[in-house]
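So the sequences go chain by chain: A and B.
Read in order, the letters of the first sequence are residues 1 to 361 in the numbering used here.
Read in order, the letters of the second sequence are residues 1 to 440 in the numbering used here.
No lab work stands behind these hints, which were simulated from the structure alone.
Be aware that one or more of the hints could be misleading.
Unchecked claim - List time: in silico SDA-like cross-link candidates among lysine to any residue, alpha-carbon distance up to 20 Å: (1) B/Lys-119 <-> A/Asp-45; (2) B/Lys-420 <-> A/Ala-6; (3) A/Lys-351 <-> A/Arg-4; (4) B/Lys-420 <-> A/Ala-96; (5) B/Lys-255 <-> B/Lys-396.
Computed from a predicted structure; not experimentally measured.
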Amino acid sequence: MLYREAGQFKTNYVADSAIFPLRQDRIGLGLIIIAAYALAFMGSDFLLQAVLIPFLVFSLAAIGLNILTGYTGLLSLGTGAFMGVGAYACYKLMTAFPGVNVIVWIFVSGFFSAAIGALFGLPSLRIKGFYLAVATLAAQFFLQWCLIRIPWLVNYNVSGALDAPLRTLFGTPIMGPNATPQTRYLVVLTIVILLTWLASNLVHGRIGRMWIAIRDMDLAAELMGIRPLQTKLLAFAVSSYYCGVAGALLVFLWYGGAEYDVFNINQSFFILFMVIIGGLGSLIGSFFGAALIFILPIVLGIVLPAILAPFGLSVGADVIEHLRFMIVGALIIFFLIVEPHGLARLWQIGKQKLLVWPFPY
Amino acid sequence: MSFRKIGFGLAAATMLAGLALPALAQDSVYVPLFTYRTGPFAGSGTPIADGMHDYLRMLNERDGGIGGVKLVLEECETGYDTKKGVECYESVKGKNPVIVNPWSTGITLPLIPRASVDKIPILSMAYGLSASARGDIFPWVFNPPATYWDGLSMIVKYIGEKEGGLEKLKGKKIGFLHLDAAFGKEPIPLLQELAKDIGFEVALYPVAAQDMQNQSSQWLSARRDRPDYMIMWGWGSMNGAAVKEAVRSGYPIDKFYSVWWPGEDDARSGGAGAKGFKMLNWHGVGANFPALQDIQKHVVDKGLSKAPKDKVGELLYNRGVYNSLLIAEGIAQAQKVTGKKVVTGEDVRRGMENIKLDPARLKELGLEGFTDQLVLSCADHNGHRAAFMQEWDGTKWVKISNPIEPMTDRVKGQLEAAAKDYAEKNAGWPKRSEACDKAS
Chain A
1 MLYREAGQFK
11 TNYVADSAIF
21 PLRQDRIGLG
31 LIIIAAYALA
41 FMGSDFLLQA
51 VLIPFLVFSL
61 AAIGLNILTG
71 YTGLLSLGTG
81 AFMGVGAYAC
91 YKLMTAFPGV
101 NVIVWIFVSG
111 FFSAAIGALF
121 GLPSLRIKGF
131 YLAVATLAAQ
141 FFLQWCLIRI
151 PWLVNYNVSG
161 ALDAPLRTLF
171 GTPIMGPNAT
181 PQTRYLVVLT
191 IVILLTWLAS
201 NLVHGRIGRM
211 WIAIRDMDLA
221 AELMGIRPLQ
231 TKLLAFAVSS
241 YYCGVAGALL
251 VFLWYGGAEY
261 DVFNINQSFF
271 ILFMVIIGGL
281 GSLIGSFFGA
291 ALIFILPIVL
301 GIVLPAILAP
311 FGLSVGADVI
321 EHLRFMIVGA
331 LIIFFLIVEP
341 HGLARLWQIG
351 KQKLLVWPFP
361 Y
Chain B
1 MSFRKIGFGL
11 AAATMLAGLA
21 LPALAQDSVY
31 VPLFTYRTGP
41 FAGSGTPIAD
51 GMHDYLRMLN
61 ERDGGIGGVK
71 LVLEECETGY
81 DTKKGVECYE
91 SVKGKNPVIV
101 NPWSTGITLP
111 LIPRASVDKI
121 PILSMAYGLS
131 ASARGDIFPW
141 VFNPPATYWD
151 GLSMIVKYIG
161 EKEGGLEKLK
171 GKKIGFLHLD
181 AAFGKEPIPL
191 LQELAKDIGF
201 EVALYPVAAQ
211 DMQNQSSQWL
221 SARRDRPDYM
231 IMWGWGSMNG
241 AAVKEAVRSG
251 YPIDKFYSVW
261 WPGEDDARSG
271 GAGAKGFKML
281 NWHGVGANFP
291 ALQDIQKHVV
301 DKGLSKAPKD
311 KVGELLYNRG
321 VYNSLLIAEG
331 IAQAQKVTGK
341 KVVTGEDVRR
351 GMENIKLDPA
361 RLKELGLEGF
371 TDQLVLSCAD
381 HNGHRAAFMQ
391 EWDGTKWVKI
401 SNPIEPMTDR
411 VKGQLEAAAK
421 DYAEKNAGWP
431 KRSEACDKAS
């Protein structure tokens, strides 16, 4: 009923290859985007700053990793470092050329990350699977080492930290301490929507099919005329581009200042978990994964004391923290058992059900 | 389709926005405590958290708060993780906190630029950005009682005195074992400057954060280089591992000095061989102070504390007490300066600038002899106070020196360069607009 395809005819090739062939999907997506923008004006500062901005940033990073791991089948543990490259590149660029709008630099910083990513992607031509994961692990440690050791990267700052200078867009501060969470949220949201739209076009088009062909069977793909070198490196570059932009957003539009330590190996795993939980090879899964891994603990942190309070149980912040860990961990295992293909698959099943609802045949 | 999930986030988030923010009574002051009782640094974080909480709780129980105003205490668990720390900050921001103490350099850095905008002072006690000692450039940040540069100069001075004068250090070799992060690297420029002027040699032994527990390669190099002295700048599990490794590799432990962060447990991990390990400290150890006795009586004995009885008075517990002493004093001074009972973050910022913990005041607070005097002012948010050297005798810390004054002239140079640098790099860093109170 809700999802009736009947009557929606595709009369030309363009319509057939549309990413959202269903009218309901297009309407739903439109509503969600409108709601997301509306939230900028209705949400509290806490909601915007501590929940939605980081959620969007992590979603973007998860999309980046998903392109590499989910679509092309190359396992990477260097996500954190690639995010770091983006953040440091953005810092260098905007301090060296303060006259150029920072939005430009956020997008350009991704290219530095893409170049580094492609470089560390070279081993992927020879090695696969866990061995590649180890090679990208080397990227993680090497790049992190560089971020600590090269003081030029932080403009010889004694504290060794990045900090967000004041930058404006149309005269409104969007970066630095004076930027309100609202404006920062709007900027992050717009960038994430733009890049997600771009990614969805990439993965549904010729390039995306090449990636998927490589993932499913690289030998067959090669015989069909897909060049593994270019395809794999392109996947590394595009993936790192997304991670780089996410890193720049993370430091400058969320934290407002950070140490190299933000981009450590834990960050890489954090993003990898999002991709796996959300669903490999799915853009919407990246958002689901980010929500489960990032937002759920925050919600638990607020909901748990409220649930326990009526029973006269007042628990300390540390107990809540332990409970958060246990519940999130249990949920991750639960989801992986129930649906190993991730939350995106659950969503798809739900959609199928809606398609025939209320007649289960 | 990709955006459908936002809906979930929204639903959850709106729900939580509604649940948060319990109404606060009008006649109380909200003091959030950022603590970490979980994660890899919990060993250091737990006693500090207990100390911070118990002292303020004691004020509530014994005096009904400060100046008759109850303190509303709330712990927020950071796990020493920047992500969670920033989340904590956002979640407490709406409840009008009078001061925040991030207890992590990583969390402090993102908060520094926000402090002046949100009007919430930051107390980063002897950590964070050393340059924030300059009140004229960082009016909202306080990092008493000493910076890391002060600390390093004190250790070098102490070693010099042992040798019979600073100039006797000429030709010696000093090893510097540090956490390979901003915190551990901060003293290096000063150490190198001193090395050049005095003529000693410096050997650096960086320890990466992920290798804190495994320092065998550093100590192997130390064995080869044979430094005459070893100075350590570490935190968390790095300290205990270093003491253990020093003992194991046969380094003369009495030549091993540390900045003020190791605790009893770190020294204990070296076993009997750790006897003679020395570190800087600026406050008393043990529970033989009236205020700490009151904590025992009003908080611990009533079961209001998470600390086991025997941990009260340990080094890091007392470090937490000292932190809360500063918070309480900031609030008390704010009440005095403004004449208001229920103070705000802006008032407490003024209060902090008026802190004057002289021996008389300390006695009044039941902490006579607990610590050296501390006077903060509009320009000086640090105090650059002297610390003393203490030695591990196998079971407890023993004070072995008089207060050692830092080499103020040298520290000042570093400080001014760093503060200027920070303000310059952050184009548009606001000029201080907050008026100074007349020195009281």
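How the hints compare with the structure:
As the CA atoms of B/Lys-119 and A/Asp-45 are separated by approximately 15 Å, the hinted pair is consistent with the 20 Å bound. Restraint check: the Cα-Cα separation between B/Lys-420 and A/Ala-6 comes to about 69 Å, which exceeds 20 Å; the hinted pair is violated. This hinted pair checks out: A/Lys-351 and A/Arg-4 have alpha carbons roughly 11 Å apart, not beyond 20 Å. A hinted pair counts as satisfied when its Cα atoms are at most 20 Å apart, and B/Lys-420 with A/Ala-96 qualifies at roughly 18 Å.
Of the supplied pair hints, the one linking B/Lys-255 and B/Lys-396 holds, its CA atoms being roughly 18 Å apart against a limit of 20 Å.
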